[in-house]
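There are 2 protein chains.
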Amino acid sequence: MALYVQKYGGTSVGTVEKIEAVAEKVKGFRDKGHDIVVVVSAMSGETNRLIGLAHEVMEQPTPREMDTLVSTGEQVTISLLCMALNKRGCPARSYTGGQVQILTDNAHMKARIQKIDDEKIHSDLKQGKVVVVAGFQGVDEDGNITTLGRGGSDTTGVALAAALNADECQIYTDVDGVYTTDPRIVAKAQRMEKVTFEEMLEMASLGSKVLQIRSVEFAGKYNVPLRVLSTFQDGPGTLITLEEESEMEKPVISGIAFSRDEAKITVLGVPDIPGVASRILGPVSAANIEVDMIVQNVAADKTTDFTFTVHRNDFNKVMKVVEQVSDDLGAREVTGDDSICKVSIVGVGMRSHAGVASKMFDTLAAESINIQMISTSEIKISVVVSEKYLELGVRALHTAFGLDSESTD
Amino acid sequence: MALYVQKYGGTSVGTVEKIEAVAEKVKGFRDKGHDIVVVVSAMSGETNRLIGLAHEVMEQPTPREMDTLVSTGEQVTISLLCMALNKRGCPARSYTGGQVQILTDNAHMKARIQKIDDEKIHSDLKQGKVVVVAGFQGVDEDGNITTLGRGGSDTTGVALAAALNADECQIYTDVDGVYTTDPRIVAKAQRMEKVTFEEMLEMASLGSKVLQIRSVEFAGKYNVPLRVLSTFQDGPGTLITLEEESEMEKPVISGIAFSRDEAKITVLGVPDIPGVASRILGPVSAANIEVDMIVQNVAADKTTDFTFTVHRNDFNKVMKVVEQVSDDLGAREVTGDDSICKVSIVGVGMRSHAGVASKMFDTLAAESINIQMISTSEIKISVVVSEKYLELGVRALHTAFGLDSESTD
Chain A
1 MALYVQKYGG TSVGTVEKIE AVAEKVKGFR DKGHDIVVVV SAMSGETNRL
51 IGLAHEVMEQ PTPREMDTLV STGEQVTISL LCMALNKRGC PARSYTGGQV
101 QILTDNAHMK ARIQKIDDEK IHSDLKQGKV VVVAGFQGVD EDGNITTLGR
151 GGSDTTGVAL AAALNADECQ IYTDVDGVYT TDPRIVAKAQ RMEKVTFEEM
201 LEMASLGSKV LQIRSVEFAG KYNVPLRVLS TFQDGPGTLI TLEEESEMEK
251 PVISGIAFSR DEAKITVLGV PDIPGVASRI LGPVSAANIE VDMIVQNVAA
301 DKTTDFTFTV HRNDFNKVMK VVEQVSDDLG AREVTGDDSI CKVSIVGVGM
351 RSHAGVASKM FDTLAAESIN IQMISTSEIK ISVVVSEKYL ELGVRALHTA
401 FGLDSESTD
Chain B
1001 MALYVQKYGG TSVGTVEKIE AVAEKVKGFR DKGHDIVVVV SAMSGETNRL
1051 IGLAHEVMEQ PTPREMDTLV STGEQVTISL LCMALNKRGC PARSYTGGQV
1101 QILTDNAHMK ARIQKIDDEK IHSDLKQGKV VVVAGFQGVD EDGNITTLGR
1151 GGSDTTGVAL AAALNADECQ IYTDVDGVYT TDPRIVAKAQ RMEKVTFEEM
1201 LEMASLGSKV LQIRSVEFAG KYNVPLRVLS TFQDGPGTLI TLEEESEMEK
1251 PVISGIAFSR DEAKITVLGV PDIPGVASRI LGPVSAANIE VDMIVQNVAA
1301 DKTTDFTFTV HRNDFNKVMK VVEQVSDDLG AREVTGDDSI CKVSIVGVGM
1351 RSHAGVASKM FDTLAAESIN IQMISTSEIK ISVVVSEKYL ELGVRALHTA
1401 FGLDSESTD
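If you read the protein sequences in the order shown, they are chains A and B. With my numbering as the guide, the letters of the first sequence map in order to residues 1 to 409. With my numbering as the guide, the letters of the second sequence map in order to residues 1001 to 1409.
Only chain A is shown next, with the shape it has when bound in the complex (with noise of 0.2 Å):
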């Protein structure tokens, strides 16, 4: 007999039917004797609902009364969720995040977990109830009410697991795993079995949004074993775990990952000084744009060339602030598109073999794709290149790795 934590997102939710589809579930868990933890997240679209009431006041609403606010939301799904299992006669009750003591920072719309009180929970599971956790949600110290950010009833739930030492934190969501690459793009993507948190934190971060990041972080930081479920469909889902397959059995790349929304600004000769870098970036950090990929050439006639990456909604406003540096810094010219995209193969086998990274621009090359920016990491390679060669890399890629499943639908 096992203790799981499941937790199940807003879409899982999002009607008194699916929340009686979830109880149902629930039970049958319970029913072969595991004790369940249920981590849920608000009803999809209510978080939404909240924060329009609260733009209607305020553009800019107080953080500790947006939070008071918004986890109103996952309290709805508990109380509602809980009901539904006492109607099937399964004995459960809820807790918000202030209930259960999940006691945070005081970062309010942004805060992190420091502690957890199990005390109640394993009461709760002794006498044989399911525990509802509310997601998303804390309390600081001083009891006001804290939220983790958006996507952080993940976090919640992998927080959960590692406090009460469960066996596994089950994940339910509305696709039934991780897979190589994205199916809509690549009809011959596979679900993985088994993927390594490292390895799903590059997947995660590149676009395959099917775990908040932190919450793998979080996973692999405790060690806790988290598995990716269909809510509607039953399956083994894909298990993110610490341990990498042997490598007899392990393919070098276990997935690619793509990101459409880019855009990439090339700053172009800039005198090869100390400090370069900082006083391009810093002024775009100072105006909150999140630059993701940076790479400057080696130096030649003592000019460089400076180029680096960033969300597309943010390229205007970046364009705007890069061409005053540039002015100040003496550069050349800058240069901007905003039509390119990253792909990116990612695997922890990548470590142990080599010729990895050849083998990728090979196969861009046959597909006569250009590569216009090359940056790496120890499991993770990512090109960026034109956006109209996305569907093309990644077909090839996935091919090329040997990912392709071997039925033809």
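Source of the hints: derived by calculation from the structure; they are not laboratory data. Fair warning: there could be bad hints in the mix.
To be verified - Heads up, simulated BS3-like pairs for lysine-lysine below, C-alpha to C-alpha not over 30 Å straight-line:
1) B:Lys-1317 with A:Lys-120
2) B:Lys-1115 with B:Lys-1221
3) A:Lys-120 with A:Lys-18
4) A:Lys-221 with A:Lys-120
5) A:Lys-115 with A:Lys-129
6) A:Lys-110 with B:Lys-1317
7) B:Lys-1126 with B:Lys-1115
8) B:Lys-1087 with A:Lys-110
9) A:Lys-87 with A:Lys-194
10) B:Lys-1194 with B:Lys-1359
11) B:Lys-1027 with B:Lys-1194
12) A:Lys-18 with A:Lys-87
13) B:Lys-1126 with B:Lys-1025
14) B:Lys-1115 with A:Lys-120
15) A:Lys-194 with A:Lys-18
16) B:Lys-1025 with B:Lys-1129
17) A:Lys-87 with B:Lys-1317
18) A:Lys-126 with A:Lys-27
19) B:Lys-1120 with A:Lys-87
20) A:Lys-188 with A:Lys-120
21) B:Lys-1126 with A:Lys-120
22) B:Lys-1388 with B:Lys-1317
23) A:Lys-317 with B:Lys-1087
24) A:Lys-110 with A:Lys-32
25) A:Lys-120 with A:Lys-27
26) B:Lys-1320 with B:Lys-1221
27) B:Lys-1120 with A:Lys-115
28) A:Lys-129 with B:Lys-1359
29) B:Lys-1120 with A:Lys-110
30) A:Lys-32 with A:Lys-18
Based on the hints, put chain B in the right spot on chain A.
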């Protein structure tokens, strides 16, 4: 400079625009130097929406979970009101029932307040903040969320005023005070400047639904001056206090209350033996039917007639119950009438004035209104008459007891 606890009901905070108007009003009081604690209800319609969700899940929702669910309604309002105050440069801080520690017993959905921790509130007020507290909710000693039952926000207001020793508890609503009778029936009805708690209780229970009865009882018990005012127009409202006006100024009768939806049941020819009343009313109460007036005539020829009134909705149900009981008792006959109403005169002045009852009866007789039942208390005389005489009777009494306003509109 005074300390006011101001309670704004659901219609006063029913939209973001109305919440802004309340913020404007509250800020006005604070700018005059007063300390303000605000108690708010859920936005109108929200509590019913939440109850609707619960009933979609379960016919008889689990009380603990129901409280967790519906308490979110007020939590939304407190945060939005604080934002609206903050936007106006007015520092404000919201508290749920759990955060301010409105400690109640654990009777979910009808909890009673036991203690209020006023430390945080006093500290906030000292710092010049407006304190905004969620009405209707509390927390039991195990940290479970409780609610005080419908209309409980008035009670929260009064309890806070008592705990904080406030100068006044102001109940803002959609009427501008308590009237001598319903202005829709008597055009010359007047707003009362003052009324005693006792009178207000008799008025409230008889249908002037301005204030929740429990909050008036509470205010009387702790001698909290209570004022009913309009959210939407300025004015002094009606002050509800312990003191009676000196007799010189005070009219004998303060107001005329009435209730339409009544029905009466008479058991004729009941054997006049001890225990008859309880044998008739026991099964009625067991069927969850609330009985209002009860009259038993003096016995003649060893039988008696027993009459009582109930809400009209319960009429058919109660007739069935009583017919059964009547057979068991060997009573002669059961008759019923569901087209009656109750008219009452209320006034503490009655205590020191003889002849009030006969003046009432004379007034009704002069209009040829037949009195079917009479019931009296120290400060109230109620009569049951045919429903068709309601308006005529109320108007005649309003004039006879000198309550008509002098203006002719």
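message = Tell me the hint numbers this structure goes against, listed in increasing order.
response = 1, 6, 9, 19, 20, 21, 24, 26 and 28
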